[in-house]
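Student: Construct all of the structure, not just a fragment, from the sequences and the given hints.
As a plain string of letters, each chain reads:
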Amino acid sequence: MFIFWRVLPRSYAYPFAFAHLTIEAFLRLKTLPLTARTAPVLSHKNYNPFGMPLPGRQLTPGSYRYGFNGMEKDDEMKGNGNSYTTEFRQYDPRLGRWLSIDPEFRAFPWQSPYVAFDNNPIIKTDPRGDAAGDPKKITQAASNAVQKVKDSDNGSEPPKCNIGVNSAFTEITGSNELKGMRANEMANYMSTSSNFTPIDVSEAQNAANNGDVVIASYIASSGSGHVALVVPGEASMQGTWEGQSAKSMGGIPKVMDTGAGMRTEEQPVNYSFGKPKQDEVVFYKYTPALSNGNSQTVQETITLVNPQETITLVNPYTGVKTELPKPRQQFFSAAPDPTLGKQLQQSRVDIVKTVGHILNYFGF
Amino acid sequence: MKKIINVLMFFVITATLLGFILKQNTTSSPKIFVGYINNIPVFDAYGEKTLYRYEDEFKVLLKYSQNYNLKAFCEGFVCYEEKTKTGFNMVISKEQQEKKYPLSNKLSYVAIDERGAVYYTDNNSQSIKSIKNNEAKDIGIKGYVLNVVNGCLYYSKEHDPNLSYANADIFELDLSLEVTALPKKIITNVSGEATVILPVGRYVYDQKLINGGFKPVLYGTDGKEYKNLEIDSKYLNTTPFYSYQKNALIFYDINTMEMKEVRVPTH
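Chains as they are written, first to last, in our numbering: chain Y, 1 to 364; chain B, 1 to 267.
There could be a bad hint or two in this list.
To be verified - Some chain B residues judged to face chain Y by a derived CB distance under 10 Å, without partners named:
1. PRO30
2. TYR46
3. GLU48
4. SER104
5. LYS106
6. HIS159
7. ASP160
8. SER191
9. THR195
10. GLN207
11. LEU209
12. PHE214
13. THR239
14. ILE254
Claimed, not checked - Below, simulated DSS-like cross-link-like pairs (lysine-lysine); rule was C-alpha separation at most 25 Å, straight line:
15. LYS277(Y) / LYS142(B)
16. LYS136(Y) / LYS142(B)
17. LYS234(B) / LYS208(B)
18. LYS277(Y) / LYS157(B)
19. LYS157(B) / LYS246(B)
20. LYS148(Y) / LYS129(B)
21. LYS277(Y) / LYS129(B)
22. LYS277(Y) / LYS94(B)
23. LYS49(B) / LYS83(B)
24. LYS277(Y) / LYS106(B)
25. LYS277(Y) / LYS215(B)
26. LYS94(B) / LYS63(B)
27. LYS150(Y) / LYS208(B)
28. LYS234(B) / LYS137(Y)
29. LYS150(Y) / LYS215(B)
30. LYS100(B) / LYS83(B)
31. LYS185(B) / LYS277(Y)
32. LYS148(Y) / LYS215(B)
It is worth saying that the hints were derived from the structure and are not from the lab. Quick caveat: nothing in here was measured; it's all calculated off a predicted structure. We put the beta carbon where it would ideally sit given N, CA and C, even for glycine.
Tutor: This is the structure in structure tokens:
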């Protein structure tokens with residue numbers, strides 16, 4: 001560096017000095033932990049509580065397929081970020097309402113079937129559009145269940161997995177249908193009840209994170225079997241499940257377990273079920289609203305008798321018709337996608353904003 | 001004016017180059033430790049299908065096919081599982097050379113040694129099989145393969161079938177003695193889900209059921225508990241690895257790759 005200052009004229013030395021400092025800074029940066037580095041921000045978006053994008057507070061908003069609460073955007077409908085599609089329904093974040101009735105409306109008689117997130121968008125999520133879940137409720141219930149079991153222990157930790165699961169299940173759902181059952185009985189009941197749907201191990205953690213009640217069960221031919229409740233959180237990357245590494249499965253779900261010797265609010269499910277038992281473990285998701293009480297799954301079909309007056313639901317098995325009040329008229333302004341120029345004008349970076357103005361001037 | 005332009009030009013060029021270099025070197029996807037190359041830990045960024053060497057920072061070691069699922073790695077030898085129309089293939093690869101072995105089941109509980117010999121548990125019979133010099137054979141032992149370290153095969157077996165939770169005994173089989181060798185039980189009643197056989201010294205890391213939950217414990221290979229470890233739960237979402245450079249067991253947070261060292265004796 002000293003040589004440069006002596007040999008080169010000052011005007012040329014400055015850039016070299018700058019380069020020297022920059023390279024030194026870069027070398028120091030390389031020694032920093034990965035977390036201390038910054039990555040380029042490709043897109044960001046701010047929402048109101050119900051998911052409507054806040055004007056002017058987004059960057060390259062059209063570039064990413066998913067948006068609010070991880071739902072898939074449906075920008076062709078009403079412009080950028082104004083409509084979402086889910087497994088069951090379309091959602092309009094500007095209204096904070098679903099555009100069709102809840103497929104599980106019978107489970108929520110106290111509220112309109114168009115209400116989104118139980119009108120509580122900060123706490124609840126509903127990525128499939130069928131029922132708003134509250135993952136925190138599951139975590140709390142699991143914690144309470146473990147404490148309840150611990151309180152009933154007398155110095156030892158006997159198997160009470162059924163008591164823990166039933167306690168949490170009742171607290172979350174308000175249902176007593178697993179009450180008094182041992183683990184084997186619970187597993188048998190869930191395998192025949194239409195209120196429970198078997199799901200794959202790879203779906204269990206996401207389901208719990210969405211607020212669904214998921215129970216892992218194992219039927220023992222001799223003994224009392226074992227059950228554990230899947231709790232929300234990050235899937236474990238430790239160990240294997242049915243011989244497959246956690247990473248190859250995208251993670252192993254975590255469970256609350258009050259089995260023999262176990263009083264834990266959260267541990268990977270492969271710790272709750274030993275290797276030889278894992279291929280016989282079945283995960284059941286609680287799906288009460290899909291039942292008609294006759295242990296037969298009923299599919300509802302919606303018939304629009306007169307769109308101006310009423311909606312009639314027809315049960316294909318019983319033929320029973322249910323009249324629903326006329327839905328509130330909803331009007332939407334079909335805002336077209338902003339042009340590239342206008343999108344760039346929303347950027348916080350001045351040079352990008354200027355390019356946006358130029359493109360907009362030429363009609364792009 | 002000329003001076004300002006010079007400075008500005010230099011600034012733009014340097015910034016561009018720095019940005020490019022940083023972009024090439026940084027990686028933020030989750031990574032899992034899979035093995036060593038020349039005693040340097042290797043991680044699998046399974047989302048990127050890329051292996052990285054880790055020497056204070058991640059450097060790309062190799063990229064592999066999107067159709068492959070990496071199962072084991074040791075000194076450049078890689079064992080993948082490939083799904084085919086009829087079943088599965090075991091693929092053993094080193095330096096672009098590949099050998100494929102058809103399997104009827106998914107490949108589970110696999111280990112590969114520094115000479116490319118593969119040991120795996122057959123899903124149907126639970127027996128351990130080896131593939132060495134293109135030849136597959138049953139080694140006559142039932143169990144779940146864990147790893148091959150310093151010429152010994154480590155595997156686990158269920159400790160007590162009446163227990164529902166993970167309970168395993170860890171066995172060591174000296175491979176250099178071939179058929180005459182008898183497996184030796186080294187640790188009893190641990191999880192078998194987080195087992196790390198430390199390649200230096202005579203220690204094994206695993207988790208043990210203590211006071212209602214599984215807790216990390218360092219064992220001696222004589223079966224005695226050497227030390228109960230107090231580790232923050234955020235580091236327990238992954239299995240730790242041994243670092244030759246730091247002579248320590250390294251726990252890491254998969255989200256931030258923040259690492260925590262636990263020194264272990266080398267004797």
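Student: Hint by hint, note whether the structure agrees.
Tutor: These are the hints, each one checked on the structure:
1. PRO30: Hint holds; PRO30(B) Cβ to chain Y Cβ min 7 Å, cut 10 Å.
2. TYR46: 5 Å, holds
3. GLU48: Since the shortest Cβ distance to chain Y is 12 Å, the answer is violated.
4. SER104: With Cβ-Cβ at 14 Å, over 10 Å, it is violated.
5. LYS106: 7 Å, holds
6. HIS159: Holds, because the Cβ-Cβ distance from HIS159(B) to chain Y comes to roughly 9 Å (cut-off 10 Å).
7. ASP160: Holds. Min distance 9 Å.
8. SER191: It holds, given that the least Cβ distance between SER191(B) and chain Y is near 6 Å, below 10 Å.
9. THR195: 9 Å, holds
10. GLN207: 8 Å, holds
11. LEU209: Check passed: Cβ of LEU209(B) comes within 5 Å of chain Y, closer than 10 Å.
12. PHE214: 5 Å, holds
13. THR239: Holds - the Cβ of THR239(B) comes within 10 Å of chain Y, reaching about 5 Å at its closest.
14. ILE254: 5 Å, holds
15. LYS277(Y) / LYS142(B): 16 Å, holds
16. LYS136(Y) / LYS142(B): 43 Å, violated
17. LYS234(B) / LYS208(B): Satisfied, since the Cα-Cα distance of roughly 18 Å is no more than 25 Å.
18. LYS277(Y) / LYS157(B): Holds. LYS277(Y) to LYS157(B) sits at ~13 Å (cutoff 25 Å).
19. LYS157(B) / LYS246(B): 32 Å, violated
20. LYS148(Y) / LYS129(B): The hint is violated at about 47 Å.
21. LYS277(Y) / LYS129(B): Satisfied, since the Cα-Cα distance of roughly 21 Å is no more than 25 Å.
22. LYS277(Y) / LYS94(B): Since the Cα atoms of LYS277(Y) and LYS94(B) sit roughly 35 Å apart, the hinted pair is violated (cutoff 25 Å).
23. LYS49(B) / LYS83(B): 15 Å, holds
24. LYS277(Y) / LYS106(B): Holds: LYS277(Y) and LYS106(B) sit about 17 Å apart, inside 25 Å.
25. LYS277(Y) / LYS215(B): 22 Å, holds
26. LYS94(B) / LYS63(B): 12 Å, holds
27. LYS150(Y) / LYS208(B): 20 Å, holds
28. LYS234(B) / LYS137(Y): 22 Å, holds
29. LYS150(Y) / LYS215(B): 18 Å, holds
30. LYS100(B) / LYS83(B): The given pair, whose Cα atoms are some 12 Å apart, holds under the 25 Å limit.
31. LYS185(B) / LYS277(Y): Satisfied, since the Cα-Cα distance of roughly 22 Å is no more than 25 Å.
32. LYS148(Y) / LYS215(B): 22 Å, holds
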